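Novice: In case you want the letters, here they are:
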Amino acid sequence: MATLTMAQAINDALRVAMDADERVVLLGEDVGVTGGVFRVTDGLIDRFGPARVVDTPVAESGIVGAAFGMAVGGLRPVAEIQFLGFAYPAFDQIVSHVGRIRNRSRHRFTAPMVIRVPFGGGIGAAEHHSESTEALFAHTPGIKVVVPSGPRDAKGLLLSAVEDPDPVVFLEPIRVYRAIKEEVPDGDYRIPIGTAAVVREGSDATLIGYGAVVADLRRAADELAGRGRTVEIVDLRTISPLDADTLVASVRKTGRAVIVTESHRTAGMASEIAALLQERALYSLLAPIERVTGWDVVVPLKRSEEYYIPDVARIVAAVERTLEA
Amino acid sequence: MATLTMAQAINDALRVAMDADERVVLLGEDVGVTGGVFRVTDGLIDRFGPARVVDTPVAESGIVGAAFGMAVGGLRPVAEIQFLGFAYPAFDQIVSHVGRIRNRSRHRFTAPMVIRVPFGGGIGAAEHHSESTEALFAHTPGIKVVVPSGPRDAKGLLLSAVEDPDPVVFLEPIRVYRAIKEEVPDGDYRIPIGTAAVVREGSDATLIGYGAVVADLRRAADELAGRGRTVEIVDLRTISPLDADTLVASVRKTGRAVIVTESHRTAGMASEIAALLQERALYSLLAPIERVTGWDVVVPLKRSEEYYIPDVARIVAAVERTLEA
Amino acid sequence: MLRWTSATSNLPVAMEPFRLLDERGRLEGDPPLGLDEVRRLYAAMVEARAYDRKASAMQRQGRLATYAPLEGQEATQIGSVAALRAEDWLVATYRDAGAMWLHGYGWRNLFLGRMGDERGGHPPEGVPVLPPSITVGAHMIHAVGLGWAADLRGEARVSLTLFGDGATSEGDFHEAMNFAGVFRTPTIFVCQNNQYAISMARTRQTAAETIAQKADGYGMPGVLVDGNDVLAVYAVTTEAAERARSGGGPSLIEALTYRTGPHTTTDDHLRYRSAEEVEQWRRRDPIDRVRRYLEGLGAWDPGWEEALNAASTTAVEQAVAEAETIAAFEPDDIFTGMYAEPTSVLRRQAEELRRDLGE
Amino acid sequence: MLRWTSATSNLPVAMEPFRLLDERGRLEGDPPLGLDEVRRLYAAMVEARAYDRKASAMQRQGRLATYAPLEGQEATQIGSVAALRAEDWLVATYRDAGAMWLHGYGWRNLFLGRMGDERGGHPPEGVPVLPPSITVGAHMIHAVGLGWAADLRGEARVSLTLFGDGATSEGDFHEAMNFAGVFRTPTIFVCQNNQYAISMARTRQTAAETIAQKADGYGMPGVLVDGNDVLAVYAVTTEAAERARSGGGPSLIEALTYRTGPHTTTDDHLRYRSAEEVEQWRRRDPIDRVRRYLEGLGAWDPGWEEALNAASTTAVEQAVAEAETIAAFEPDDIFTGMYAEPTSVLRRQAEELRRDLGE
Ligand SMILES: Cc1ncc(C[n+]2csc(CCOP(=O)(O)OP(=O)(O)O)c2C)c(N)n1
Ligand SMILES: Cc1ncc(C[n+]2csc(CCOP(=O)(O)OP(=O)(O)O)c2C)c(N)n1
Ligand SMILES: [Mg+2]
Ligand SMILES: [Mg+2]
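Residue numbers (my numbering), protein chains in the order written: chain A, 96 to 420; chain B, 96 to 420; chain C, 27 to 385; chain D, 27 to 385.
Certain hints may be false.
Said to hold, decoys possible - Partial list, computed: chain A residues near chain D (C-beta under 8 angstroms):
hint	residue
1	Val-153
2	Ser-156
3	Leu-396
Claimed, not checked - Here are the in silico distance ranges between beta carbons for each label pair:
hint	chain 1	residue 1	chain 2	residue 2	range
4	D	Arg-179	C	Arg-271	51 to 59 angstroms
5	A	Asp-340	C	Glu-348	41 to 49 angstroms
6	C	Glu-42	B	Glu-117	43 to 51 angstroms
7	C	Leu-296	B	Pro-260	38 to 46 angstroms
8	B	Pro-260	C	Glu-42	36 to 44 angstroms
9	C	Ser-272	A	Asp-340	55 to 63 angstroms
10	B	Pro-260	D	Arg-381	45 to 53 angstroms
11	C	Arg-89	A	Arg-347	34 to 42 angstroms
12	A	Glu-419	D	Ser-370	23 to 31 angstroms
13	D	Arg-381	A	Asp-340	28 to 36 angstroms
No lab work stands behind these hints, which were simulated from the structure alone. This one's a predicted model, so the numbers in the text were calculated from it and none came from an experiment. Glycine included, each C-beta is placed from N, C-alpha and C at the ideal position.
Modelling step: build the complete structure from the supplied sequences, incorporating the hints.
Specialist: Set out below in structure tokens:
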């Protein structure tokens, strides 16, 4: 066990994966010599050489498309897109090819690959550097979408992703990279893709989120505990496929749900979760499910980003509303 | 009034717009000399010349990006992407620039433009030719997303879109192009963007959809009428911004809702609508809201497409379920 | 000697396409192949044409969905792929049935795909041919990745990608060419310049005189070749494959050819080009040319031609029969292809579909 | 005479960059500008550097978010934009404050943008400069569309776009160049080849010897110019602008330069290059060179330099003060920028935010 930041835990996961399987190669902008703009791949080029840790030209479609070809050709590429806002040029490759080759060829060709993407706001970054459009990927068939909320999960989920027979979009919340330190097991260990975690039990309401938001859910739960409310927290960890059973079970128990995401609201993950909860738990609902989300606006820049990203106060207020309903 | 197909009505709308405003220009693959693969722009190059009806190289990002520049530069471009499955290469331009220039420049620069895109399945087309991923655009801030269900609406909505001060993605359901003929007013007339239409009144349940699906809703309603059920039909016409008030009013009245879309389910428009209905009409709901949608799989090819696209039987069955709940 | 532009010397590309057989089948240089091999290429072109005509006919009968005919492009498709080894990767498009078949994909699969059956995308084990790319442009970088992977795995496999003149306008063409150049992947880019992208003439697709000259912008050799001359296409592709295999990196080949039919079976090509133009190109038919060449050498006779036609018909008809008698696609099958194991979400949706179908 | 590659003659691009002032400020050709104008360009470069250093300093003090320094690239930014007319469009990047300012964008706006305030994106009315492009690659086609629109509207405006060496790898570069070539839009593509894209050296960005030679693939003239020579940059851009304005279509200029600072204020550039290399380029400083030239002609003296510095400081400090004292961004403002009129959805969300803020 070592105490690691999420950036370190991901670095560790990549090292473990590359040590174990020489088919694992990394490619992306600045992943090699400088070790990535967040230093997540720091030192890997020294250990594995430039043939396996590849600095690429500035071309996201090329990165994903080449990684796709590599995957079909028998490697296990882990591509990095520098920020989620720069994944859109690769969107066609992801939607039209990465997520489809298995079905298109009826299992004859497959693309076991990971696309790692730092995402989310909260650090007052420049435009395009705070995107939280994970729903676009969750809406896309044929890929899985994983979002760790902390170091331990990040390592275990990434190792599962690298070994997954299908392509995984792995979204790394930027503001968690260095904010949370945790004990992280050494060596190889896995957290299964597709299973949510009940990270706190409670009975008054269910708080649902993933990624950076989970830390805020914990803070909100603490604050509510001070007011005598015990809320359950579900950390989704995988947003596609959604672990519906865990969500439904929790909400059937508590009768109230607040879903928190940083993303835009319309057709976001909060909408998906609310839709499926009312489908499968309507008769348990004691109040409307609340969506606490980013708005349907471009993520504001530093000076007004605070008005966009859900904070603890907004989360607590939403829980209070459901409790009063 | 003339009796027109939707393809003809759109052609008529473009002619009217171009006659009225010389800033309106068309560009896209094969829109000129052949008049488009669906003949929607037939004859326009003869009337307006190749400077205003521009056949472009095969480059969707270029088409949208150039149209964007034209719009900022004072024109009113109407770009065509040949099929929705080929819009993904242009996704970055749409998300990162078309939908953002107004906010980025605080109204100093704007992109009044239309992106016309044939979409949807039901004709047994090749892969990528049956996409119904409208939710990706509805999730994107700064654009509007319009989907006509028939010739009359198509013309009135397109004329509104061309004149809208903001960018509009205009999705044209392929299987409606020639399937429905309607009386369409001559000359210039508008249907406002952002308002849904209650196309049939009823009291037992609300059927919600847009585009090609609306014809199936009508058929389902007819069938249900035969069984003594009167269902209300809401044709959204615009999916971003959603006309929530109309939806909420209808469901508060009927207490039951079935949302039908051709798109994938996860984080699709049906999820959005279900989420907002439970938010604002929970206490009126007599049954879980049903989502009748395409599945989270690649749209199947001709031989099995029927298993993917919601049909009248699936819609009727869903209504029956909500009535029995 | 072929005249490639060179990555470093920045030489202008030759404006006259490289050619070995003129339009009347007369040899203009050293034949790269012996007579038997030329006869095999000829036979392959004949069979590709038989498939192509059958497919167009079936489309008219409603037995296939839209079909993109290849007639006129046989020399490029057969000549380029003939230069590959069995283990080399092929990444081609909706119009490249001839190329894919020659590399082992199977007519049955090609028919199945055009019937709207995903199982057409599953070539026999060991056949390194991806299902045809329907999106224009995106697949070339896949060939780059495949070649790159082979390199990293220490395999001496090259990858060849076929694409049209229109595809060169997509951003993905650029990124693929650039990656291939930078990483010196063993990739052969073969542009079938058939003069049109649907209705758009090649002259409006790019302001460059040739597509071959684009190679220079990527530090890669490029060559212009007569795409209706199967020997010339074979020769340049062989050179490119040798270069790739020996660590010399990628090449761009522009094969000048023409589709003599419509873009697809739903296209009315006389809206954008004249019957005379089409006729002119028909006179440069890639199959005729080789027949004349063989005939001149006494290596062709009507009996052989008849036998070839009969054999082609048999092969194609048998493939049709196999495709048309394949087992039904079950409702569940639309879910089972997506992941190695259906996800929880898809399992639930499959149940829902079964319920809706009253199963 | 400049040596452009020509769209039709397919001539190799000159490998030696075009230059008018050598590194010691000695004239190598005919000066394209009179002394007064050269002094004006010099003054502009000095002011751009003052802004740049102030911005880096403020970033260290936490008063600006990440900043991308331009030091070393002043000649390319000032020289190219100086060749424009006031009504010409400029579409540039996060590193191009000097260029944008010279064309009227205003230091205040540039500071505001880096402070994380959307109002920085609103240049004064009539100033045809788009907010800086933060995405790499996507903006060049915007310049194509702007030039195209001007053409269709019968305006004699050209558009100039600045971009880096890294940006040439994006598919959007290719599509922009290709559209410009095909539609002969009045667009000047100016690549600031500063040798790096973050940590990626230009030599690994593309296997082509030069970026200028890529022009040939689009049927467009290209030229390589010493990007640290403001006179040379001015001269080639003037030629390109004249060509564009007179219907001659687009041009590609590769300006060889160097950023002597880090990629951004969070980058440690000595991880990927040596201090010696940086030092070597510092000795080719674009401002020094002109000072020596002016000095040699008796057109520079320390008093003038001091006055310039003082004026630059005043202008920059005043802009800082204006930016730092702008009214607060109200919560509602995050909704009001999105559409001409807030949509029903946004009106509701704005209410919700007001409720959450307890208003
Ligand atoms: C990304 C994308 N855009 C548009 C299309 C529609 N489309 C199909 S074929 C074609 C023309 C392609 O021309 P070319 O590359 O020359 O190939 P050819 O059809 O001539 O063989 C177009 C535009 C597509 N399939 N994919
Ligand atoms: C589409 C996109 N991909 C990646 C990035 C991250 N990024 C910012 S600057 C940069 C390097 C750009 O290099 P270059 O074009 O040479 O410009 P320079 O920074 O040297 O001025 C990268 C990769 C981005 N902003 N946009
Ligand atoms: Mg073609
Ligand atoms: Mg650079």
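Novice: Hints first: check each against the structure and report whether it holds.
Specialist: Verification of the hints:
| no. | hint | verdict |
| --- | --- | --- |
| 1 | Val-153 | holds, 4 angstroms |
| 2 | Ser-156 | holds, 6 angstroms |
| 3 | Leu-396 | holds, 4 angstroms |
| 4 | D:Arg-179 / C:Arg-271: 51 to 59 angstroms | holds, 54 angstroms |
| 5 | A:Asp-340 / C:Glu-348: 41 to 49 angstroms | holds, 43 angstroms |
| 6 | C:Glu-42 / B:Glu-117: 43 to 51 angstroms | holds, 45 angstroms |
| 7 | C:Leu-296 / B:Pro-260: 38 to 46 angstroms | holds, 42 angstroms |
| 8 | B:Pro-260 / C:Glu-42: 36 to 44 angstroms | violated, 54 angstroms |
| 9 | C:Ser-272 / A:Asp-340: 55 to 63 angstroms | holds, 56 angstroms |
| 10 | B:Pro-260 / D:Arg-381: 45 to 53 angstroms | violated, 29 angstroms |
| 11 | C:Arg-89 / A:Arg-347: 34 to 42 angstroms | violated, 52 angstroms |
| 12 | A:Glu-419 / D:Ser-370: 23 to 31 angstroms | holds, 26 angstroms |
| 13 | D:Arg-381 / A:Asp-340: 28 to 36 angstroms | holds, 34 angstroms |
Checked against the numbered hints given earlier, the structure breaks hints 8, 10 and 11 and satisfies all the rest.
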